[in-house]
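2 protein chains.
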Amino acid sequence: MVNAAIVGVGHTKFGRATDKQLQELAWEAIKEALQDAGITQRDVQFVAVGNTGRWSSDPLPAVVISEYSDLCPAGSIRVEAACASGSAAVRAAYQTVASGQADIALAVGVEKMSESTNLQVVEMIGRAGNFFWEFEQFGLTFPGYYAMYATAYLHRYGAKEEDLAAIAVKNHYYADLNPHAHFHKRITIDDVMKSRYVAWPLKLFDCSPQTDGAAAVVIASEKIARKLTDTPVWIRTQAVATGTSNLSKRSNFLSLDSAVKAAEEAYKRAGVERDKAYKYFDVAEVHDCFTIAEILAYEDLGFVERGQGYALAREGETYKGGRIPVNLDGGLKAKGHPIGATGVSMAAELTKQLRQQNPPERQADIKRGWAIAHNIGGTGHYAYITIYTLDKPPTG
Amino acid sequence: MVNAAIVGVGHTKFGRATDKQLQELAWEAIKEALQDAGITQRDVQFVAVGNTGRWSSDPLPAVVISEYSDLCPAGSIRVEAACASGSAAVRAAYQTVASGQADIALAVGVEKMSESTNLQVVEMIGRAGNFFWEFEQFGLTFPGYYAMYATAYLHRYGAKEEDLAAIAVKNHYYADLNPHAHFHKRITIDDVMKSRYVAWPLKLFDCSPQTDGAAAVVIASEKIARKLTDTPVWIRTQAVATGTSNLSKRSNFLSLDSAVKAAEEAYKRAGVERDKAYKYFDVAEVHDCFTIAEILAYEDLGFVERGQGYALAREGETYKGGRIPVNLDGGLKAKGHPIGATGVSMAAELTKQLRQQNPPERQADIKRGWAIAHNIGGTGHYAYITIYTLDKPPTG
Numbered sequence: 003m004v005n006a007a008i009v010g011v012g013h014t015k016f017g018r019a020t021d022k023q024l025q026e027l028a029w030e031a032i033k034e035a036l037q038d039a040g041i042t043q044r045d046v047q048f049v050a051v052g053n054t055g056r057w058s059s060d061p062l063p064a065v066v067i068s069e070y071s072d073l074c075p076a077g078s079i080r081v082e083a084a085c086a087s088g089s090a091a092v093r094a095a096y097q098t099v100a101s102g103q104a105d106i107a108l109a110v111g112v113e114k115m116s117e118s119t120n121l122q123v124v125e126m127i128g129r130a131g132n133f134f135w136e137f138e139q140f141g142l143t144f145p146g147y148y149a150m151y152a153t154a155y156l157h158r159y160g161a162k163e164e165d166l167a168a169i170a171v172k173n174h175y176y177a178d179l180n181p182h183a184h185f186h187k188r189i190t191i192d193d194v195m196k197s198r199y200v201a202w203p204l205k206l207f208d209c210s211p212q213t214d215g216a217a218a219v220v221i222a223s224e225k226i227a228r229k230l231t232d233t234p235v236w237i238r239t240q241a242v243a244t245g246t247s248n249l250s251k252r253s254n255f256l257s258l259d260s261a262v263k264a265a266e267e268a269y270k271r272a273g274v275e276r277d278k279a280y281k282y283f284d285v286a287e288v289h290d291c292f293t294i295a296e297i298l299a300y301e302d303l304g305f306v307e308r309g310q311g312y313a314l315a316r317e318g319e320t321y322k323g324g325r326i327p328v329n330l331d332g333g334l335k336a337k338g339h340p341i342g343a344t345g346v347s348m349a350a351e352l353t354k355q356l357r358q359q360n361p362p363e364r365q366a367d368i369k370r371g372w373a374i375a376h377n378i379g380g381t382g383h384y385a386y387i388t389i390y391t392l393d394k395p396p397t398g
Numbered sequence: 003m004v005n006a007a008i009v010g011v012g013h014t015k016f017g018r019a020t021d022k023q024l025q026e027l028a029w030e031a032i033k034e035a036l037q038d039a040g041i042t043q044r045d046v047q048f049v050a051v052g053n054t055g056r057w058s059s060d061p062l063p064a065v066v067i068s069e070y071s072d073l074c075p076a077g078s079i080r081v082e083a084a085c086a087s088g089s090a091a092v093r094a095a096y097q098t099v100a101s102g103q104a105d106i107a108l109a110v111g112v113e114k115m116s117e118s119t120n121l122q123v124v125e126m127i128g129r130a131g132n133f134f135w136e137f138e139q140f141g142l143t144f145p146g147y148y149a150m151y152a153t154a155y156l157h158r159y160g161a162k163e164e165d166l167a168a169i170a171v172k173n174h175y176y177a178d179l180n181p182h183a184h185f186h187k188r189i190t191i192d193d194v195m196k197s198r199y200v201a202w203p204l205k206l207f208d209c210s211p212q213t214d215g216a217a218a219v220v221i222a223s224e225k226i227a228r229k230l231t232d233t234p235v236w237i238r239t240q241a242v243a244t245g246t247s248n249l250s251k252r253s254n255f256l257s258l259d260s261a262v263k264a265a266e267e268a269y270k271r272a273g274v275e276r277d278k279a280y281k282y283f284d285v286a287e288v289h290d291c292f293t294i295a296e297i298l299a300y301e302d303l304g305f306v307e308r309g310q311g312y313a314l315a316r317e318g319e320t321y322k323g324g325r326i327p328v329n330l331d332g333g334l335k336a337k338g339h340p341i342g343a344t345g346v347s348m349a350a351e352l353t354k355q356l357r358q359q360n361p362p363e364r365q366a367d368i369k370r371g372w373a374i375a376h377n378i379g380g381t382g383h384y385a386y387i388t389i390y391t392l393d394k395p396p397t398g
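Protein sequence lines, in the order shown, are assigned to chains A and B.
Residue numbering for the first sequence follows the numbering used here, starting at 3 and increasing by one per position.
Residue numbering for the second sequence follows the numbering used here, starting at 3 and increasing by one per position.
Source of the hints: derived by calculation from the structure; they are not laboratory data.
Mixed in with the good hints there might be a few duds.
The list cannot tell twin chains apart, which means a pair is met if one copy fits it or any two copies do.
[Said to hold, decoys possible] Simulated pairs of lysine-lysine, DSSO-like, Cα-Cα distance not exceeding 27 angstroms: (1) K270 <-> K196; (2) K369 <-> K15; (3) K22 <-> K162; (4) K278 <-> K251; (5) K322 <-> K354; (6) K281 <-> K225; (7) K251 <-> K15; (8) K322 <-> K33; (9) K270 <-> K229; (10) K251 <-> K22; (11) K22 <-> K196; (12) K33 <-> K251.
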């Protein structure tokens, strides 16, 4: 196995991009990533595109992006793992390098959601569980899925809706400091509490928005990475797991089984003790498509004991300077969640965090040089967990 | 890099499967592959699904298939490379093993096309070039794309429509010997010539059908492969390339640039001399979505000189016993082309060829123990070329 590192990152403004085609949006991020890495299109040997394809008129987005970005004839693939499609793109690029089949690969994530009507989005995302049983027969939609988790969690542990709101307040605070974020508006617990219910107990401000955007990372083999940069950000490992399609087959709604399983595997490979996990990482990106999802992530990743995730949020322990800073870019909740882009955006953000390139107000203290990305597809249907480190993996 | 080999294969009947859901079809192939490998679902650590998703009500087919096949919580991904999606699934499973992240991974390709109307299929496949310019503005459809290649080829080299027909005759002959094939009807040159034009010079019998089907292969690391089987089929290398989205940007219509590029790379890695390529392989699977595509493949893979591919067909040199036997399973043309399944079906077929498990009439003579799969997405938009060998790769 060849060691592989991120050596360049690019990121568009997240928000509405009705004036740009999918390939234009992707190219903005690709161009910046290539410049950041100090390479050109001719150096790229493989391209992995994370894109659900559901919002695109072109059924082959990877090809359209490759032509527009002048990346042909490099090989390419499109990958999909629902809302973890971006991490799946990181995987495809990473594995191409790690298996010795290319020295430089590019992962790009992109989604244009604003072309669809709200109803189309509700339908397409609602189907992203089990179409036949739970969407069509029972009429469940995406906020409804996570609302069941929220309901179970509040009931079991005595958390309050205000605790969910604390996640939104934190993430809007950091988004306001991130020029790439969709929203630049600080909010209060009261703002969240007064917003309208979408699916009880989740209110409008508990939900991530529909966003357009793209992000890209250049991944290089150790040999090349050393030549391109003094601060390669190594991909230590990526562990993945799959949850049941039907939520009715889950044993409980207090954690995402797939995330627990993927974290367990990632920690085993990287030598992380689960019950002290927060001590291993300087910063984390977690999947907060809804506020409850970030609280579940704290627990599923072992940052805190079961049933204590809401307390971590309540006490502000996931702000910069706290036990473990989480989503210092605003998270899906306020940075935005252009589905295919999100996992690549996490990789780009953690690279900049580990390189200490963010403005001080949202730059984590980098002591150990480790970071973790937790990217979920659907309602725990996919879990992609990636560990990034400044120190080189021991093997390879 | 870890050596990886196919240790189990499964294949459904290709044809119409209106009585089965996508996951039922996939499971049929998966079950057979697991049994062939002598393992159970609990041994599978990663699942890669090749499926375009355009024909599925479930937007997360990999998850639905994982639940139905009792493969959760193994990690999974869905990959798309148009009509090469199956080879992309082989890639994702292979790289997961080759990069040391799993000992056993499963690649499954599946597509149910019969749920869609002919018009829907025409639209969805027609878009698989450049939607905006060439589908929407110029009204090109998929047979039209390949018809331009056929027109250029016949004009440049003086080949006849009867030469294209020879491909269909051969592939129907072998499909008739393959119980898994969609069509069991031998045809004559005259049958092809009398069939109606779809896009001149391509007639109905020059075109592959709309097919439902699934195929699966189990890929294992060297350590595990040795325990499971005496005849592991090694994945020697897979090289990939991307063509321009717009056909108007191609330099000529006499070959697929992406296929030439991918073959060049694969041959370089495997030490194959291009102008003697046919001497290296006992058998080949090539992408014959239209008859002209198989002739282009002969030339793009270096089985014969430029402009001589039609002569190879005319002289029957790609039947068993000829210069190089091609598509002894009936090919896309007559075995059928369930898009996401095709590349995995090629892998399954070549594994059985190298193991010498096919009935004598369609079993190639295995002398050197090498085979090659040429899987194209769109009209040369993607090219995935994979070399399979009975002898272990030299490195790893």
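So, going through the hints one by one against the coordinates:
1. K270 <-> K196: neither (43 angstroms within a copy, 64 angstroms between copies)
2. K369 <-> K15: neither (29 angstroms within a copy, 58 angstroms between copies)
3. K22 <-> K162: Neither. Shortest intra-copy (41 angstroms) and inter-copy (46 angstroms) distances fail the 27 angstroms Cα cut-off.
4. K278 <-> K251: neither (30 angstroms within a copy, 56 angstroms between copies)
5. K322 <-> K354: within (15 angstroms within a copy, 58 angstroms between copies)
6. K281 <-> K225: neither (30 angstroms within a copy, 35 angstroms between copies)
7. K251 <-> K15: Neither, since 39 angstroms and 31 angstroms both go past 27 angstroms.
8. K322 <-> K33: neither (30 angstroms within a copy, 50 angstroms between copies)
9. K270 <-> K229: between (31 angstroms within a copy, 25 angstroms between copies)
10. K251 <-> K22: between (41 angstroms within a copy, 22 angstroms between copies)
11. K22 <-> K196: Neither. Shortest intra-copy (34 angstroms) and inter-copy (48 angstroms) distances fail the 27 angstroms Cα cut-off.
12. K33 <-> K251: Answer is between: at 22 angstroms across copies they meet the 27 angstroms cutoff, but 44 angstroms inside does not.
The structure fails to meet hints 1, 2, 3, 4, 6, 7, 8, 11 from the earlier list, while all remaining hints are met.
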